[in-house]
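Residue numbers (our numbering), protein chains in the order written: chain A, 3 to 263; chain B, -10 to 238; chain C, 23 to 330.
It should be emphasised that the hints constitute simulated quantities derived from the structure, not laboratory data.
A couple of the hints might just be wrong.
Said to hold, decoys possible - What the simulated footprint calls covered on chain B by chain C, stretch by stretch (three residues with Cβ under 8 Å from a Cβ of chain C suffice, anywhere in the stretch; the number is not a length):
#1 -3 to 11
#2 93 to 100
#3 126 to 136
As the list claims (entries may be wrong) - Partial list, derived from the structure: chain B residues whose beta carbon lies under 8 Å from chain C:
#4 Leu65
#5 Asp68
#6 Phe78
#7 Gly80
#8 Ala85
We put the CB at the ideal spot given by N, CA and C, even for glycine.
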Amino acid sequence: MSDPGTLALAAAASAAVEIPTGDGLATLAFIGESADWDFVFSNADYLGVGALLTIGLTIASILLGFVVGFPAGAVEVYGDGLLKRVVSTVGIVLRGTPIVVILIVMYFVVGVPQINLGVASISSAMTAGILGLGLRSAAYQSQIFRATLSSVDEGQLEAGRSIGLSRFEAVRYVVVPQALRRSIPGFQNEFTIVLKDTSIVFAIGLAELLTRGYDLFSEQTTAVLEVILFISAIYFVLTFTTNRALDYLGDHYAIPEGESA
Amino acid sequence: MSDDNDFLRVTDVSKWYGDEKVLEDVSFEMDRGDVTVLIGPSGSGKSTMLRCVNRLAEAQEGSILLDGEEVLSPDLDVDELRREVGMVFQGFNLFAHLTAVGNVALGPRRVLGLSETEARERAEAQLERVGLGEQFDSYPAELSGGQQQRVGIARALAMEPKLMLFDEPTSALDPELIGEVLEVMHGLVDEGMTMLVVTHEMSFAREVADEIVFLDDGRVVERGPPEQLFDRPEEERTGRFLERIASHD
Amino acid sequence: MASATRPAAVRERVADADRSVGRLLLVAAGALFWGWLVVSWVNRWLGGVIVPVGQPLVPPGAVEATFGAIPGLAAYAADAAFVVELTPELSRGTWLTVVITAVSLFVGFLMAVPLAVSRVYGRFSAWISLGYTELLRGTPLLAQLFVLYYGLNLASYVPGAFSGVFARDVVWVAIVGFTLNGAAYQAEYIRGALESVEEGQITAGRAIGLSKLETIYYVVLPQGLRYAIPSWTNEFVYLIKYSSLAAFITVPELYYRADQIASETFRYTLIFVVTGVTYLALVLTASKLMEGVEDRVAIPGLGAEREE
């Protein structure tokens, strides 16, 4: 503990000393301690803002992931030569590196600046979070789209060409619509992974849900378990709702014949 | 109507899937060593009837006495019953992760408790019996349909069953592969095996059956020895069915 | 026609050659990486038989001199020497990363099989299994680690027999966390694979007199677990990467050590790039390893038609 590292690790190291979780397992019996729950609920709005940040971060990252990941997947299926190789190598690196390393690199190394939009500004931690989570998600989304694009029958492309569409048009109007529908299950998975992994921006001190929870229980150390259970419940509701919503979307856009299974 | 020596006696068996009645008061009986063939249009309930005998399907009413024991009794040890009744499936259902020998040896090894060596020896003997002496270590995916079905038969035989059930054993096969399976079944008939067979192979049925049972809509329309049923059917429905089958051949 | 195919064939062959060169480089890099790791570990366990404990296997000075002598690389000589200086700490951290991942994956697997089986074939137990997997998969891993470490203070409850195995008892907390979490994900993958085993396989098992449990054990699992290998490999890879979160409950694994050195030396770029590459090497090794396992246990016809 003599050499606390960057930001969050330093916090974790010092908290390990300071937080007298003391009774440990015995605290299980005191989960019902009303004072601690009162503390949690009186700070519900503080955590609520954190939850909103979590949601915003998730949506922004998924969108960035889609905007970058879809073309990347298409390049892996239809491209060739150097471009394809570069895309697939970058993908392997992003998928093979822990998200916490990616985030730290974005934050400290790339050193993204604060973005000022006039009315609002996006902190550099937020930008680093979106870039890190978004690009990593792009690497995974490219694999979803690669798989679904290549799962569309070769005959579909030929049929498209046979009615006079160019290769690009045939892909655009025949293959892509089918592939996107088939991507929904994989996309569902990716969405919840990103949602849960937003908690790791804790490492760069971005005040989303988990970080705020951490701040709270560092303040009132008897309420550690109550706070974490409360924020876990929020995460659970978020992932559960997302999953059901995407289930619905999947059913709604499913093509008869059930080939999406 | 029948004597007390009946080996298998099916009496008034009925079965529903929800509201739909798929078997209605089906009755027939067989002696030891008999071959009975169930025929009828698809959806007539013949496969379901067959499956009721080893309780892969549950009949709700009636009685099935096998060797004097009530098959439908709730107290019956179903695994014990299946040990004694072999079954061959339309879709082979070979264990995809095991070789031919592995498929045949699994039952003797795990159900009968034979040693590894004994089980293997028995499996090899049964595979030789169905003419697959060369394919011991092939996986199902490496065998033709006809060979797969013969492994299926060997797998059932390895349990030394007292009754064999065949559920359309040749329906999933290409025409040129049907012969080898029927040949193996012929051999079993010659050895005196008691067999209850669902099939569309009418010439096979005529050659080997002691009795033909014609089912339609879950009911026994007509039953009798093949020459009677095929040549002088009493029921109009039987005649129509046989004509339809003949015109397809 | 022939003239049209020939350039394509040539291009194909060039690409093949490229690929095999790439393969060779990858194998060489892998051998170097694991050679370095294993020798460093052995050196530490045996109390520094090769070089004193805490010293790099190769003197940084020598590396700097070598790089300096090669034109074009001279500019990187100081960086290379710095990286070499890091290696003892990195290999120490990597050891914990590997151990935590391996133990959690293995114990998690032992939990996941019954979880998956009861989910598919159980009645009441299916609901328990569903509840467990949904809860664990629906909340962030980091929050789960916080519950165990800060909430339950599990580190002070490590039984005597386990205490002292690692330098810090908190390593056990991380292992418990990853095991419980990984079991949920593994169970989900295995469940999917079990469900893809054909119904007829079970019918056939029952028809020769195997009980339901015996049929699952002798027929369904051997096939289902083979189907599960590719997605299970994913979980393996995920676990390697997410083991880095153990740093946030003070487990001195790879990421933790990298972070410490970075905050002392302020050389973030170099250190985190090297750390990332180390994780990447572990991940690539794991997926190559699992490809090998998949080939080893492959059975003709099994899994091939699963693409449909």
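Okay, the hints, checked on the actual structure:
1. -3 to 11: Since 0 is below three, the answer is violated.
2. 93 to 100: Result for this restraint: holds, n = 4.
3. 126 to 136: n = 4 at 8 Å, threshold three: holds.
4. Leu65: violated (13 Å)
5. Asp68: The hint holds - Asp68 (chain B) has a Cβ within 8 Å of chain C, the shortest such distance being about 5 Å.
6. Phe78: Holds - the Cβ of Phe78 (chain B) comes within 8 Å of chain C, reaching about 7 Å at its closest.
7. Gly80: Hint holds; Gly80 (chain B) Cβ to chain C Cβ min 6 Å, cut 8 Å.
8. Ala85: Since chain C brings a Cβ to about 5 Å from Ala85 (chain B), closer than 8 Å, the hint holds.
When each numbered hint is compared with the structure, violations occur for hints 1 and 4.
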